[in-house]
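Visitor: Put chains U and B on the given structure of chain V with help from the hints.
Protein sequence lines, in the order shown, are assigned to chains V, U and B. Using the working numbering, you'd call the opening residue of the first sequence number 1 and step up by one each time. Using the working numbering, you'd call the opening residue of the second sequence number 575 and step up by one each time. Using the working numbering, you'd call the opening residue of the third sequence number 874 and step up by one each time.
Incorrect hints may have been included.
Claimed, not checked - Simulated coverage check for chain B against chain V, where a stretch passes if three residues somewhere in it have a Cβ under 8 Å from a Cβ of chain V:
1) 956 to 965
2) 1127 to 1139
Stated by the list, open to error - Partial pick of chain U residues on the chain V-facing surface, computed with a CB cut under 7 Å:
3) L625
4) K711
5) T797
6) T833
7) T835
8) S836
What the hints assert, rightly or not - In silico DSSO-like cross-links for lysine-lysine, where the CA-CA straight-line distance does not exceed 30 Å:
9) K347(V) <-> K153(V)
10) K800(U) <-> K81(V)
11) K132(V) <-> K711(U)
12) K645(U) <-> K424(V)
13) K244(V) <-> K621(U)
14) K239(V) <-> K621(U)
15) K234(V) <-> K621(U)
16) K953(B) <-> K534(V)
17) K153(V) <-> K450(V)
18) K450(V) <-> K800(U)
19) K752(U) <-> K898(B)
20) K953(B) <-> K132(V)
21) K898(B) <-> K860(U)
22) K860(U) <-> K1096(B)
23) K544(V) <-> K527(V)
24) K999(B) <-> K860(U)
25) K860(U) <-> K302(V)
26) K860(U) <-> K345(V)
27) K232(V) <-> K752(U)
28) K645(U) <-> K244(V)
29) K953(B) <-> K517(V)
Worth flagging that the hints you see were computed from the coordinates, not collected in a lab. Here the structure is a predicted model, which is why all the values come from computation and not from measurement. By construction, the Cβ of each residue, glycine as well, lies at the ideal position given by its N, Cα and C atoms.
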Amino acid sequence: MKKITHRLSFTLALMLIMVTILSACSSDTNDAASTVAADGRKSGENGFIANRDVTGRIFLEGDGAQLPDDQVNNPVAQKIKEKTGMTMNWQSSGAADGLQELTVALATGDLPDVIEAYLDHGGRPEMPVLLKAAREGMFTDLRPYLENTKVLKNYLDPDFLPRDTRENIMFRPDFDGKVYFIHMNIPAKNTTDADRIHYRGGMWIRADIAKALNVDPTSIKTQDDLFNLAMKIKAGNFKDNNGKPITVIGPRKWGGQVVSSLFKNYDFGNGTQFDVQDGKVKHVAETDYALKSIDFVQKLLKAGLLDKEAFNMDGVRAEEAYNNGSYAISPYMNIAPDSLTMFEKTKYLPMDQMYNYKGEDAIYEKAKSGSQVWAIPATTKNPEQIVQFADYLASKEGKALWNYGIEGEDYKINDKGQYIFTDKVLSILNNSPQDERNTIPYFWGSLLGKTDVNNNKDFGELIRGANSQPDRYKLYFELMNYGNPKYKYWDGYTAASYLSEVPDIEASLKPVLDSYKDVLVQAFFAKDMTEATKILDDYRAQLKAAGVEQYEQYLQQKYDKDPSSVVFYIDAFF
Amino acid sequence: MDQHAVGKTPLNERIATIVNYILLASLSIIILLPLVNILALSFNDGKDASLGGIAFWPRIFSVSNYIEVFKNPAVINGLEVTLFRTIVGTAVSVLLTAMAAFALKNRNLPGVGIASMFIVFTMLFNGGIIPFFMVLKMFHLNNTIWVYIIPTLYSAWNLILVRTFFQSIDPSMEESAKIDGAHDFQVLFRIYFPLSMPVLSVICLFNGVMHWNDWFSGAFYVTDEKLRPLQTVLQQMLTAAEAMRKNLSMNAMMSASSTVTSESMKMAMVIISIVPIASIYPFIQKYFVQGIMVGSVKG
Amino acid sequence: MQAELDSMSKKRSKAKKAASAGLWKTIVANRYLYLMLLPCLIFFAIFSYLPMAGLVMAFKEFRFNGGMFGGPWVGMRYFKLFFSYPDAAQLIANTFIVGFLKIIVYFPFPILLALMLNELRTKWFKSMTQTISYLPYFLSWVVVAAFTTKVLAPDDGIFNQFVAALGGDGSTFYMMDGHYFYLIMFLTYVWKNIGWGSIIYLASMASIDPTLYEAAEMDGASKWRKIWHITLPSIRPTIAILFILDIGSLLTTGYEQNWLLRTAGNSDFSDILDTYVLRVGMMQGQYGYGAAVGLLQGLVGLILVIVTNYLVKRFSKNESSLW
Chain V
1 MKKITHRLSF TLALMLIMVT ILSACSSDTN DAASTVAADG RKSGENGFIA NRDVTGRIFL
61 EGDGAQLPDD QVNNPVAQKI KEKTGMTMNW QSSGAADGLQ ELTVALATGD LPDVIEAYLD
121 HGGRPEMPVL LKAAREGMFT DLRPYLENTK VLKNYLDPDF LPRDTRENIM FRPDFDGKVY
181 FIHMNIPAKN TTDADRIHYR GGMWIRADIA KALNVDPTSI KTQDDLFNLA MKIKAGNFKD
241 NNGKPITVIG PRKWGGQVVS SLFKNYDFGN GTQFDVQDGK VKHVAETDYA LKSIDFVQKL
301 LKAGLLDKEA FNMDGVRAEE AYNNGSYAIS PYMNIAPDSL TMFEKTKYLP MDQMYNYKGE
361 DAIYEKAKSG SQVWAIPATT KNPEQIVQFA DYLASKEGKA LWNYGIEGED YKINDKGQYI
421 FTDKVLSILN NSPQDERNTI PYFWGSLLGK TDVNNNKDFG ELIRGANSQP DRYKLYFELM
481 NYGNPKYKYW DGYTAASYLS EVPDIEASLK PVLDSYKDVL VQAFFAKDMT EATKILDDYR
541 AQLKAAGVEQ YEQYLQQKYD KDPSSVVFYI DAFF
Chain U
575 MDQHAVGKTP LNERIATIVN YILLASLSII ILLPLVNILA LSFNDGKDAS LGGIAFWPRI
635 FSVSNYIEVF KNPAVINGLE VTLFRTIVGT AVSVLLTAMA AFALKNRNLP GVGIASMFIV
695 FTMLFNGGII PFFMVLKMFH LNNTIWVYII PTLYSAWNLI LVRTFFQSID PSMEESAKID
755 GAHDFQVLFR IYFPLSMPVL SVICLFNGVM HWNDWFSGAF YVTDEKLRPL QTVLQQMLTA
815 AEAMRKNLSM NAMMSASSTV TSESMKMAMV IISIVPIASI YPFIQKYFVQ GIMVGSVKG
Chain B
874 MQAELDSMSK KRSKAKKAAS AGLWKTIVAN RYLYLMLLPC LIFFAIFSYL PMAGLVMAFK
934 EFRFNGGMFG GPWVGMRYFK LFFSYPDAAQ LIANTFIVGF LKIIVYFPFP ILLALMLNEL
994 RTKWFKSMTQ TISYLPYFLS WVVVAAFTTK VLAPDDGIFN QFVAALGGDG STFYMMDGHY
1054 FYLIMFLTYV WKNIGWGSII YLASMASIDP TLYEAAEMDG ASKWRKIWHI TLPSIRPTIA
1114 ILFILDIGSL LTTGYEQNWL LRTAGNSDFS DILDTYVLRV GMMQGQYGYG AAVGLLQGLV
1174 GLILVIVTNY LVKRFSKNES SLW
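Next up, chain V with everything else stripped away, as it sits in the complex:
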């Protein structure tokens, strides 16, 4: 007994030290991969790269749910392993905030072989963090490896990339020719408007209500039109699918955030907060538009037309509500292919042709889409193998695998060259769509493979599955082209992304700019317009103290020299 207590206590006493030391010496992974395939192919021979298990991390806010349950042993991944020798395992934490996760991962050096982050455009909040990491040598220069690729080589062609991607993300002048990020989802060369998917991001209305009130959604142009329509809907006493009375206007489909499409007549500086008024660069809070939009939202709230929780409701609840038709109008939703199920259940119509502050009823879209970036941390060995792997996934052969699965088994090619899903896949799509990812790991493959995109040319359809389920996708195309809107395309350096060029102003101004959304919400819920005006006045004083005028001057100089060098009005929904 004596010995036992003695020993036990001694062990416990040293536990803290032991564990700390042990965990500090955690082993290094990435052993050099063998470069001979099972069938004797060497690296570079007939598509073989190396026998290697690659680990990646995505910082994409919960999209990890779309990864296959087993990322290595599904048929498509096995087929890809046969060909290239590589397996790819993505980790995702489903955290609330991808940016926070990215920052923490960089700060703690918790980085696997390859990472992927959101970066719709160079004005995204992820950009400064990624730039800082790149400048501090956290990532590998990918430029040398791009030369030896087949698809990714296109990135070196100046005409392939949109201006924003080229100048702001990939081939930045301050990187001295080095390339740290590969921007994904770039359309292939020679794509036309027919190859473009329009997501119709903006306001939508429940189709049956529009019909019952005999309203043409495309005829809603002004805020007064919208308000009157909302009043009519309220008077109509509509119910949702559960029989509960509806609220007229709800949150964004993905939950609470301020969405400027709700007051589109006043959306000065959409997406960047800055724009030009009478030749002068201004922040939206310095114009009348800010107060007008607050006034409008207050009017909606006072009349009980807008859900009070619209600005902070969580996404799941919001999505449920839209599935149940609990709101007549959504300030913002779109037709991402996965929302087709919702539209089949409760049909909504785009009502996105209100005038913007410039008086145009056109819809703004990015000239060429880009969506995410991937990068290889400097600690990763043999980065060229990962670049080669990404290049394979982006090839037509690779794309076919993660878009359509195994030929014969999952799809067949008809005489028109169209890829048609087999009954096996169709039954999955119809009965348990959430299991599709285990047969066809679309999202998994898209992370490194979805670029140089031209689905019409490659697979004979704009959206995968459209030829296999023509009836279903009729609705999709109907919604996509509803009301034949006009489009305007933007490209280039956004007003928001210039901020990182003036670090002194950025440090003080950025937090103030970030708080604009919160300020708007406070003003929406202020007792009356007097209080709202005061809140806005305070905010203006804050902007001024934080150096907004210097930043405006900086933008003004750029703008006066070359108006195309700054993009003020973009499609981002704030």
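Guide: Then chains U and B, alone, in the frame of chain V:
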């Protein structure tokens, strides 16, 4: 004493007594009402609950919210993580705290005075969350299960509590044991441990509750979802949409036959996270008073 | 004379030697005790003092590849930046207001509850009330925040239903309106802590010598006078100690509540230094700046504790203080 006083009690004191009872009864009710409300919502059919109007009793009774919650792997995993850290963390922490307090009780031992100051000062000032986070990084603790256990092994407050209690134990027992040849570990485990059950149960409870309720480390120090404790899963479900989406099968919820909604599931989650603690603490209640009282005596 | 001095210094050095030999002996004799203490000291060195040293981060630019002590010096840049941040004054003010509410305003509530419970003569009622009132202490702030949001939800929250039933508006969104924030924060704080806080006063009242009350009764003292002249003075040391300890705990757990109850609408009131550090430091990765603000916040806390300790010492005539 009270019996014969009743007749003489002035009117205003009698009224005060009645008011006192009424006030305390309403306090109990105010404390319980929100709980009962959430309980009712959690046992109500989700779709029906979304129509509003549920107060303290379910309108359409249903356990499907709970069934759906327990189908969710993140909840089960969170429960496992929480149980592990609560049991292991509490056990190790109580042992180590008792040992350190045992050493600290000897005020005359060289260095003990300085050690006490060293510990007490940490109650007054700390480096803040960011340097602390960097220390976790330095020792590669973040993203491991040990990040829950190691940084919470000791707390200055618990140390003082136990030390003060130890000091109140008659030292003559220790002396006579030592004359019989016992060394310090034996004295601690054979004499002090059995005598200190009240205070040890209290710090067990403190530690256990802290481990069970901690959502913060799981939210900020850990990114691996396999390491997320129940409270963090709950917190993210309550506040962050995307986490909820990942953790729930949206399709199952959206299907027409399902009566479960995200809101009703959250209510069930809340109840699940309360039940273990709420059912254990009344049994340890008698120790609180004794243990806490000791801590308030100046050490 | 010289010889005397010599022998004295010899004696002294001998005594020193003996003392140091004695010290070594003591240490060896108590080696197990030191062994028990060692992990504890290592723990505080790593998890409390190393972060304090890490506060140099507040004066350095953080580098992703540099860790806590890497990165070039930037002097007072982050402090200047913080004080030029337009919301800085508000953040500091909010921190003090929240502290004031939780320490000063909240403080008498548990004492009051203890006095009320102490007057109860029905045993089952007393123990039931006590058990119920302790319960919220064991719930996490996550759960309490969930309750609060649900109960105060516009329209279908139970509180708004109640207001509507009384003929009120019933659609107020309390969580979004900053003017309600302090009230909500304070009430939830009382709700959660009052029962637990009263335990110690109750225990302290239980240990009051009953003969004091009996003597007072002989003199015909009323209930009020007994409370005022016997109960309260007897628990004064407890009150003083708890007062200081409350402040200590405020620094470590005060922000959870604000973090979880924060919404865009009430952020002007709910943002305190702690939550600000979490947001800009932990979430946006401005570690140097975050550490600087954290340092300010730590200093504010330290000052609060020292001042309170001083005041308590003065008013309690030295009979109780933390050190």
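Visitor: All hints are to be evaluated individually against the structure, with a verdict given for each.
Guide: Checked hints:
1. 956 to 965: holds (count 4)
2. 1127 to 1139: Holds, because 3 residues of the segment 1127 to 1139 of chain B bring their Cβ atoms closer than 8 Å to Cβ atoms of chain V.
3. L625: holds, 5 Å
4. K711: holds, 5 Å
5. T797: holds, 5 Å
6. T833: violated, 10 Å
7. T835: holds, 6 Å
8. S836: For S836(U), the interface hint holds, since the closest Cβ of chain V sits about 4 Å away, which is under 7 Å.
9. K347(V) <-> K153(V): Distance ~43 Å between K347(V) and K153(V) Cα, so the pair is violated.
10. K800(U) <-> K81(V): holds, 27 Å
11. K132(V) <-> K711(U): holds, 19 Å
12. K645(U) <-> K424(V): The given pair, whose Cα atoms are some 27 Å apart, holds under the 30 Å limit.
13. K244(V) <-> K621(U): holds, 10 Å
14. K239(V) <-> K621(U): Satisfied, since the Cα-Cα distance of roughly 14 Å is no more than 30 Å.
15. K234(V) <-> K621(U): holds, 22 Å
16. K953(B) <-> K534(V): Measuring from Cα to Cα gives roughly 27 Å; hence the hint holds.
17. K153(V) <-> K450(V): Within the cut-off at roughly 15 Å; holds.
18. K450(V) <-> K800(U): Roughly 29 Å separates the two Cα atoms, so the pair holds.
19. K752(U) <-> K898(B): holds, 17 Å
20. K953(B) <-> K132(V): holds, 22 Å
21. K898(B) <-> K860(U): violated, 44 Å
22. K860(U) <-> K1096(B): OK: K860(U) and K1096(B) at ~28 Å, within 30 Å.
23. K544(V) <-> K527(V): It holds: about 25 Å lies between the C-alpha atoms, which stays within 30 Å.
24. K999(B) <-> K860(U): holds, 14 Å
25. K860(U) <-> K302(V): Measuring from Cα to Cα gives roughly 53 Å; hence the hint is violated.
26. K860(U) <-> K345(V): Given that 30 Å is the threshold and the Cα spacing comes to 57 Å, the pair is violated.
27. K232(V) <-> K752(U): Answer violated: K232(V) to K752(U) is near 90 Å, above 30 Å.
28. K645(U) <-> K244(V): holds, 28 Å
29. K953(B) <-> K517(V): holds, 25 Å
When the structure is compared with the earlier hints, violations turn up for hints 6, 9, 21, 25, 26, 27 and for no others.
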